[in-house]
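> Sequence:
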Amino acid sequence: NGVYHTSQPYCWQYVGGYCDIYDDVFNAATSMNKRKYPFKVGNTEYIIWMWKGDYLNLGAGGEVGIYDNSHSVPSLNIKGVNTPAIDNVPGLYEVSKENSLNMTLNATINDSTTVFNWNPGKPNWWITGWNPKFQNIAEENIVLSGTIDFSGHDDMWSSFYSAHNRDFNLTFHPDTHTVDFKWQK
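When you line the sequence shown up against UniProt numbering, it's residues 1 to 185, in that order.
These aren't lab readings, by the way, just hints derived from the structure by calculation. Cβ atoms here follow ideal geometry from the backbone N, Cα and C, with glycine treated the same way. Certain hints may be false.
What the hints assert, rightly or not - Restraint ranges, calculated between C-beta atoms of paired labels, are given here: (1) Ser-158 to Val-25: 30 to 36 Å; (2) Asn-136 to Asp-23: 18 to 24 Å; (3) Gly-80 to Asn-165: 49 to 55 Å; (4) Gln-184 to Gln-135: 17 to 23 Å; (5) Ala-28 to Asn-165: 30 to 36 Å; (6) Pro-174 to Thr-83: 44 to 50 Å; (7) Asn-57 to Pro-174: 14 to 20 Å; (8) Lys-97 to Asp-154: 27 to 33 Å; (9) Thr-30 to Asp-180: 23 to 29 Å; (10) Ile-109 to His-173: 24 to 30 Å; (11) Cys-19 to Asp-154: 26 to 32 Å; (12) Thr-44 to Tyr-22: 17 to 23 Å.
Said to hold, decoys possible - Quick list of in silico lysine-lysine cross-link-like pairs, BS3-like style, CA-CA up to 25 Å: (13) Lys-36 to Lys-97; (14) Lys-79 to Lys-40; (15) Lys-79 to Lys-34.
Given only the sequences and the hints, what does the whole structure look like? Please build it.
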């Protein structure tokens, strides 16, 4: 049907992580918006990171991913000089591979015209959808919605709920550890 989805495990974010600089470049090149939902479990900071916008030749679309800062930059030997290892690099997040979640993702134009509906039916760290039939759509006209299922991740659910239960874009279902999101403007 022309809609693109990606759930491949070895994309560039999987290898190199993600930070706000990438969003700044994306925003400079097109109409996009991001939303971040940070929460913490123990010493690990997590972010549910969402994007929506005009993805140029891919068309209108959106993404949702789960990232954490539990990584380290290893010590390197550069021409005989050892650099120190760095734990939890501020602002740099890696994909939270071991915490993949069941997610669904839907996009509409002005909450009426369907761009895509996507349910991969298995846990993912990143869920995406783009439709090249919808070009040059301003991000404020894209409505992104879906579900994130924290089942089996009780500590993450509790922390996410505590941090964001007052957000009017989120609807929490404590009995199933799921949260519905709807991001309009």
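> Quick check: which numbered hints come out false for this structure?
7, 8, 14, 15
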